[in-house]
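Undergrad: For reference, the chains in residue letters:
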Amino acid sequence: MNLRKNENIQNVETTRGYSYVAPDCDIFETDGEYKIVFDIPGVEKDDINIKVEKEVLTVTAECKKEPVEGYGCVNDEFDLSGYTRSFNLNNVVDTTKIEADYKNGTLELTLPKKEEQKTKEIKIKVS
Amino acid sequence: MYRTIFDDLYRLNREMNRLFTGPGKYSNKAYWPEVNLYENQSEYVAVVSIPGVEKDKIAISYKDNSLKISGEKGSENEAKTNYHLKERKTGKFERNIMFQEKVEGGKIGAEMKNGFLLVKIPKSPEAKPVTIAIK
Chain A
1 MNLRKNENIQ NVETTRGYSY VAPDCDIFET DGEYKIVFDI PGVEKDDINI KVEKEVLTVT
61 AECKKEPVEG YGCVNDEFDL SGYTRSFNLN NVVDTTKIEA DYKNGTLELT LPKKEEQKTK
121 EIKIKVS
Chain B
1 MYRTIFDDLY RLNREMNRLF TGPGKYSNKA YWPEVNLYEN QSEYVAVVSI PGVEKDKIAI
61 SYKDNSLKIS GEKGSENEAK TNYHLKERKT GKFERNIMFQ EKVEGGKIGA EMKNGFLLVK
121 IPKSPEAKPV TIAIK
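Chains A and B supply the protein sequences, listed in that same order.
Going by the working numbering, the first sequence opens with residue 1, and the numbers climb by one from there.
Going by the working numbering, the second sequence opens with residue 1, and the numbers climb by one from there.
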């Protein structure tokens, strides 16, 4: 199953309220699991919120602290904002065994496939 | 961090500026990361957004009042290609930052913090403002 096609595109645009953007993300598949990797720079580990509700995986993260404080900005190329993105898992993932690892601004989620979804090899006996 | 209706316009403007002032297609680098530069009276701080890059993959050098940050963002999963989606930028990157005021190249300090590289560049004493007392 292609997880990419099951992205829940949320309308996150508001004129008031906290600003969220969809982070860049990689999704790839191995025999036993799916991996989703998000680039979410500037976020502390405790501010990441991952939840699965009704087979929809949602990752939300917020930048609570500016990287530097008490300085004037000379060159401004990126904003700090929150990140949110969600994918529909369509019953192919064992949601109780999802693992997350956050390192250097990259969040890596490991989603093991359900037993019946794994690729099975069938050997043909030649007689 | 609150959003106004003009935010997308500002972002477009900023991205266009980056396109025209960046190294562009003549560079052999895969991408150039976003840099926010801050200053106060005694130092500059460059904040480079490079999530997922290990500390030993980054090189910082200083020459002629300009700072060069280069490195490579590898993807260790490249070999196992069965991608459904690939949006994260990978490959070699480079940024050069030229300073308007004289800085002390020997005292540059850098640290990694949650995917941001923070480089602190102290200004040279000649560049600092001098207070003049009125007699």
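Keep in mind that the hints are not guaranteed to be accurate.
As a list, the in silico DSS-like pairs of lysine-lysine whose alpha-carbon atoms are at most 30 Å apart [claimed, not checked]:
| id | chain 1 | residue 1 | chain 2 | residue 2 |
| --- | --- | --- | --- | --- |
| 1 | B | 89 | A | 65 |
| 2 | B | 68 | A | 64 |
| 3 | B | 107 | A | 65 |
| 4 | B | 86 | A | 120 |
| 5 | B | 86 | A | 114 |
| 6 | A | 113 | B | 89 |
| 7 | A | 35 | B | 86 |
| 8 | A | 35 | B | 68 |
| 9 | A | 103 | B | 102 |
| 10 | B | 135 | A | 65 |
| 11 | B | 86 | A | 65 |
| 12 | B | 92 | A | 35 |
| 13 | A | 103 | B | 107 |
| 14 | B | 135 | A | 64 |
| 15 | B | 92 | A | 114 |
| 16 | A | 64 | B | 86 |
| 17 | A | 64 | B | 63 |
| 18 | A | 103 | B | 113 |
| 19 | A | 113 | B | 86 |
| 20 | B | 92 | A | 103 |
Don't read these hints as lab results, they were simulated from the structure.
Undergrad: All hints, please: hold or fail.
TA: Consistency of the hints with the structure:
Distance restraint check for residue 89(B) and residue 65(A): the Cα-Cα separation of roughly 24 Å lies within the 30 Å cut-off, and the hinted pair is therefore satisfied. Proximity of residue 68(B) to residue 64(A) is assessed by CA-CA distance (about 29 Å); at most 30 Å being required, the pair is judged to hold. For the proposed pair residue 107(B) and residue 65(A), the alpha carbon gap of about 26 Å is at most 30 Å, so the pair holds. Restraint check for residue 86(B) and residue 120(A): the C-alpha separation of about 26 Å stays at or below 30 Å, so the hint holds.
The suggested pairing of residue 86(B) with residue 114(A) holds, with an alpha-carbon distance near 24 Å, which does not exceed 30 Å. Restraint check for residue 113(A) and residue 89(B): satisfied, since their Cα atoms lie roughly 27 Å apart, inside the 30 Å limit. Restraint check for residue 35(A) and residue 86(B): the C-alpha separation of about 12 Å stays at or below 30 Å, so the hint holds. Restraint check: the Cα-Cα separation between residue 35(A) and residue 68(B) comes to about 34 Å, which exceeds 30 Å; the hinted pair is violated.
Between residue 103(A) and residue 102(B) the alpha-carbon distance is near 35 Å, which puts this suggested pair outside the 30 Å criterion. Between residue 135(B) and residue 65(A) the alpha-carbon distance is near 45 Å, which puts this suggested pair outside the 30 Å criterion. Distance hint between residue 86(B) and residue 65(A) is fulfilled; the C-alpha atoms sit about 28 Å from each other, no more than 30 Å. Only pairs whose Cα atoms come within 30 Å are accepted, and residue 92(B) paired with residue 35(A) is accepted, the gap being roughly 23 Å.
Using a Cα cut-off of 30 Å, the hinted pair residue 103(A) and residue 107(B) holds, with the two alpha carbons roughly 28 Å apart. A distance of roughly 48 Å separates the Cα atoms of residue 135(B) and residue 64(A); the hinted pair therefore is violated under the 30 Å criterion. Between residue 92(B) and residue 114(A), the direct Cα distance comes to roughly 37 Å. Violation of the 30 Å bound is thereby established for this hinted pair. Between the alpha carbons of residue 64(A) and residue 86(B) the distance comes to roughly 27 Å, so the proposed pair stays at or under 30 Å and holds.
Note on residue 64(A) and residue 63(B): the hinted pairing is violated, with a Cα-Cα distance of about 35 Å set against a maximum of 30 Å. Straight-line distance between C-alpha atoms of residue 103(A) and residue 113(B) comes to about 10 Å, which keeps the hinted pair within the 30 Å bound. Using a Cα cut-off of 30 Å, the hinted pair residue 113(A) and residue 86(B) holds, with the two alpha carbons roughly 20 Å apart. Restraint check for residue 92(B) and residue 103(A): the C-alpha separation of about 20 Å stays at or below 30 Å, so the hint holds.
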